[in-house]
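Let chain A serve as the given structure and place chains B, C, D, E and F on it in line with the hints.
6 protein chains.
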Amino acid sequence: MRVDGRKADELRNIHIETGYLKHPEGSVLITVGDTKVICNASIEERVPPFLRGEGKGWISAEYSMLPRATETRNIRESSKGKVSGRTMEIQRLIGRALRAVVDLEAIGERTIWIDCDVIQADGGTRTASITGAFVALSLAVSKLVEEKELPSFPVTDFLAATSVGIIEDPGVILDLNYIEDSSALVDMNIVMTGAGEFVELQGTGEESTFTASQLQDMLAVASKGIKELSAIQKEALGEIADKIGSKPANGSENQS
Amino acid sequence: MRVDGRKADELRNIHIETGYLKHPEGSVLITVGDTKVICNASIEERVPPFLRGEGKGWISAEYSMLPRATETRNIRESSKGKVSGRTMEIQRLIGRALRAVVDLEAIGERTIWIDCDVIQADGGTRTASITGAFVALSLAVSKLVEEKELPSFPVTDFLAATSVGIIEDPGVILDLNYIEDSSALVDMNIVMTGAGEFVELQGTGEESTFTASQLQDMLAVASKGIKELSAIQKEALGEIADKIGSKPANGSENQS
Amino acid sequence: MRVDGRKADELRNIHIETGYLKHPEGSVLITVGDTKVICNASIEERVPPFLRGEGKGWISAEYSMLPRATETRNIRESSKGKVSGRTMEIQRLIGRALRAVVDLEAIGERTIWIDCDVIQADGGTRTASITGAFVALSLAVSKLVEEKELPSFPVTDFLAATSVGIIEDPGVILDLNYIEDSSALVDMNIVMTGAGEFVELQGTGEESTFTASQLQDMLAVASKGIKELSAIQKEALGEIADKIGSKPANGSENQS
Amino acid sequence: MRVDGRKADELRNIHIETGYLKHPEGSVLITVGDTKVICNASIEERVPPFLRGEGKGWISAEYSMLPRATETRNIRESSKGKVSGRTMEIQRLIGRALRAVVDLEAIGERTIWIDCDVIQADGGTRTASITGAFVALSLAVSKLVEEKELPSFPVTDFLAATSVGIIEDPGVILDLNYIEDSSALVDMNIVMTGAGEFVELQGTGEESTFTASQLQDMLAVASKGIKELSAIQKEALGEIADKIGSKPANGSENQS
Amino acid sequence: MRVDGRKADELRNIHIETGYLKHPEGSVLITVGDTKVICNASIEERVPPFLRGEGKGWISAEYSMLPRATETRNIRESSKGKVSGRTMEIQRLIGRALRAVVDLEAIGERTIWIDCDVIQADGGTRTASITGAFVALSLAVSKLVEEKELPSFPVTDFLAATSVGIIEDPGVILDLNYIEDSSALVDMNIVMTGAGEFVELQGTGEESTFTASQLQDMLAVASKGIKELSAIQKEALGEIADKIGSKPANGSENQS
Amino acid sequence: MRVDGRKADELRNIHIETGYLKHPEGSVLITVGDTKVICNASIEERVPPFLRGEGKGWISAEYSMLPRATETRNIRESSKGKVSGRTMEIQRLIGRALRAVVDLEAIGERTIWIDCDVIQADGGTRTASITGAFVALSLAVSKLVEEKELPSFPVTDFLAATSVGIIEDPGVILDLNYIEDSSALVDMNIVMTGAGEFVELQGTGEESTFTASQLQDMLAVASKGIKELSAIQKEALGEIADKIGSKPANGSENQS
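Chains as they are written, first to last, in my numbering: chain A, 975 to 1230; chain B, 975 to 1230; chain C, 975 to 1230; chain D, 975 to 1230; chain E, 975 to 1230; chain F, 975 to 1230.
So that you can see chain A by itself, here it is in the shape it has in the complex:
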């Protein structure tokens, strides 16, 4: 039995509220247990310098926490005048993950900015950010399609993320909250597509190590969690969900 009564392979309560804020092209509040993240997607009609004139787009992500998202107050990164290593690592991860399921040629010379702002933190903020950001991005992109700015829907598959880990008892668990995360021997973040393929795998023995068989157990549990998350995303997206990954060739390839 886990600290909050969940089973080892059970996700926390997940809720995705779409249309959360009025200005962004795509806006979502994702709630994963007590973790709450506002995920906004904005369309900018230009690309970073390294891509200019290449005829393809880009996805750039930023991540931040309110100072009091956590139990004790953190100093704002704007006050410190620099972004921490942890923040940069998470931002790079979110952007990279989303780029794996978007056809960048298809979106043209545009940047999709993803802003993930954690207003309440209880573990798993980076994976909640990815799961929520996928929905916000799909909403924003869908607007471009509606407005005939894009000929077809450029999102090639669903994408969600969760964490798995190993704690003393009961061993491998899914979707760690903050208390579990603090005492975990191994911590792994997994990003997968709706077709069940890996996009990103980051496993760390926290002053500890893990065996090949422990790895297999973690992957199995993560896979189950991702499927459930994809279903929740699908429901949140409604009709838009049907346009994702609709290209048959691609779909069958993914199931190989």
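Just so you know, the hints here were simulated from the structure itself, not pulled from any lab data.
Same chains, same label: a pair holds when it works inside one copy or across any pair of copies.
Derived lysine-lysine pairs resembling DSS-like cross-links, with alpha carbons at most 30 Å apart:
1) Lys1054 x Lys1030
2) Lys1117 x Lys1217
3) Lys981 x Lys996
4) Lys1030 x Lys1117
Nothing here was measured: the structure is a model prediction, and the numbers come from that model.
Okay, now just chains B, C, D, E and F, sitting in the frame of chain A:
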């Protein structure tokens, strides 16, 4: 008639949700029309260096906007590596205003951190921040009193803020939204106590000027607005409201 | 009687030396009691990015203090690597105030840079900066007119600033020096035009509040001070003074 | 056949030169094909603030590249005034990995600083850094033991890192050079102990995805590479190698 | 004949006004032709970290220019957020030079801060700063002696600085103004004591070189200039001048 | 006798290894006793903004030390977020010195970047950097000539640097190592051409002074050292050395 149908001296719809986030000692979501600000108050058991050993406390405020709180996306101040002049000005204003109604000796060597994070902006974010922050601070301080950390309630009066301005037609208006603010000839932010005294007055002719009689008209309208805001704060605070400014001597003085 | 023997509504000794430095288009040393500020105006033949191609000009101000302008040495902002909130607030105020009496369309796509460098501080440095900067700006602009770069004189009215405040005894006072400022209950900076209209009003109860009637008393005293300052500016500017606000329509409007 | 003639599961030529520089407690030049990294380990007799008084030590890593380690010159991070996200990610990875095989209690309140400076880059600089840093750290720690500063050797196992990836042809490959890395569909960095356990696993589909069976193939090849790297480290360390992970209990545990 | 009518070995008009500002312990306005520098000396009752507990003092210098000290406006270093290489070089030079004629043990654990703020620049600002700073420092130190904070006068000799250079015609010249400096083939700054010894010598061929015999000519002219500067400093210091370098042993040594 | 057994006017063992790294156009490892510096020269096909369209090139130098080049570890300048005054001074010196022997018109609108990275420090790192950088630059430029990018060899003379100083015993010495440098009364860095002319002369009395005759002794010893260094550079450059300063007119001029 104004752009959103309000009368000249009419506030927007105001809502103050208390207990908004779980970690902060005081947490509020204030909604003023389409402007939404999360106001959190945190207690830190020490004071800034310039006050150490003086036996009194301090109130420090920080203000920020989500990049997509506005119609077009703003670059994060943490990414730019510095806080803008506008942000600093607002932070200083919020802290100064709140310090006027808190007995700093009474709170002992503690800092109350106020974090105002604008998640959606439609004009008046700094005055909404002050109005919301007053409630968050009262909640946090009330916890200290409950836990017997403080012998008496150190908040000496209510405090709220609003804006007034002059536009071509109909002239003096209360609580400007973004569109009104953009076209205003004069823009004034006013912070007042529940007793109707001024704490801060900041009036600016935007490439324009204003006469003494226009100033009187603006002050009258502001005064009406502040009274209504105090009533909304009172309701949001419930029983805690009764403890504010209860010292009779002080109260009568304020009404002179 | 005040600490330096002045009457409640008496300015300190004011002196404005024009042509103070040789390189700037307009250069002034303003002395207000023991406060001394070098105000330089520079013409730059381009505007900030947000105004490019708009066919109008801009006025941008910077403010700084020598480390030893004050009784104890301050660390340079260049050494700290960032500009303080107080400095930013003052810079923004100076620029905004001057823009209210300059016809920005008339100056064309130029930036007038105002540099206010306090070499000795004894209270009232921001208001002395505005009063001196107005003269420096007028000198610089006058050179553009002389050189036929501008068809007419684009300064629409005089502009000066001073402080008023409330101290225990004798109550409302004009033009506070550092000692008075430190003990003031209320501190107000006022920027007015030669025609007696307000451009900016910033009143602050320093951990204190003020009533509507106290506000009226302060405004009256400030108004008297500003008139005297305008007269001193007029004398310093000599013939150039006659060109200011000469447009009759505008002038009568201002007196309403 | 690969671009440089290697077999799919073949490492590049590896050389570890110990005692490379005279000042550091441990100093190594590691050469992996054309990638060359100077790895220095320094002992500092104190720990970061968050560990003070806890009676345990810390390992902190920094990573940098000479501007001309790469084919085109990069701007120095010291000139830019900030460390890039990529650098921070690598620094955090190196420190975390090494901490997994060092008994931090056993080293007492000391920090071991690891500096990895890439003087020539041809892919795999982060994994070469970890492999070299492990040797530098072992040399430095061995000096502490010799000088009787430490009662026993605190390194619990060997640690090495390599990359694996998937390219169009021939598929899964070991130890990617820069050209291979640039065209890889999947890129994975793996850190393992001498006992064959995972310490860190970071796999990324570069705008692509990978299946569970592709993951298994990559892990198998990585495991082979790590074993060879450990043997090279062992040879470089000479007698010191015998002291690593000598605690029998620990060793058998690792093989479970 | 030089551009301003001077002879090759003639200084510009030099004036040193003591007691220039009221707050600093020592304050000087030095005028060297059109170059004007405010030099302030401040006493701080502590030393930098690297000297704590060593029983000796330190002299630290900072240098800055008003943005419009020069013909075209420079961006403030505080706005840029960093101090330029040129500024750092000059600051280090001023501090190092002054430390050569002050007995640091004798001043105890104090820092003498030297602030050189150039308000008008026409070449030779760094040497004017040193010459003026020496006087400001002597005034500040003299106050410490008067107040019995120091038992004896710790300044061991006079110190002044000037520039020499080589231009096409007439060759070697003394005390270059900005126009001369811009076209000089060789530029040399020389700091010497009253006893005629070198403290600092910095000669640079500006995309050019110079011979040993040209060096001798420059040194001779510089030596003449320094003697005249010392005489001007002596006059400015009045009675205080008599206390400098009064220790007979030291004095005779210097003349060897 | 000196601390390492050298005679007063004897250089340390010098070695210049050319072609040290594979990517840079010119790459050298220079060893001066225990001081080791990697000097790389890179060609960039554009010039800094202030030179655009002027039809001439530029040479820009950067200097850095590995954190553990020294006996105790230094904090990286990239971690501190700013470059120290010492580093800036050295970078400016290296660039200025090299520009004195390169015909900037002849290299066209190109920047030659010089990177001097000290991997081991034992005194004299800035002079070793200059001596090594000259060789790296010559190699890079020679490649441009070979590739017919430049019509003729634009290096006008040899250039080398060394230090001289005065210590208690035996007095004037050549090429100071770190221990000697730490106790030197006077420290002088000298940059000279192959023709024996001065390019840069920087002499400093370290809390001390020096006489004209001591200066002459130092210059004589330095001159001897530079000649030996030029010979070593010549050997390292092989055939390329013959192209340097081959313009007869220039050569004879230099010997005057």
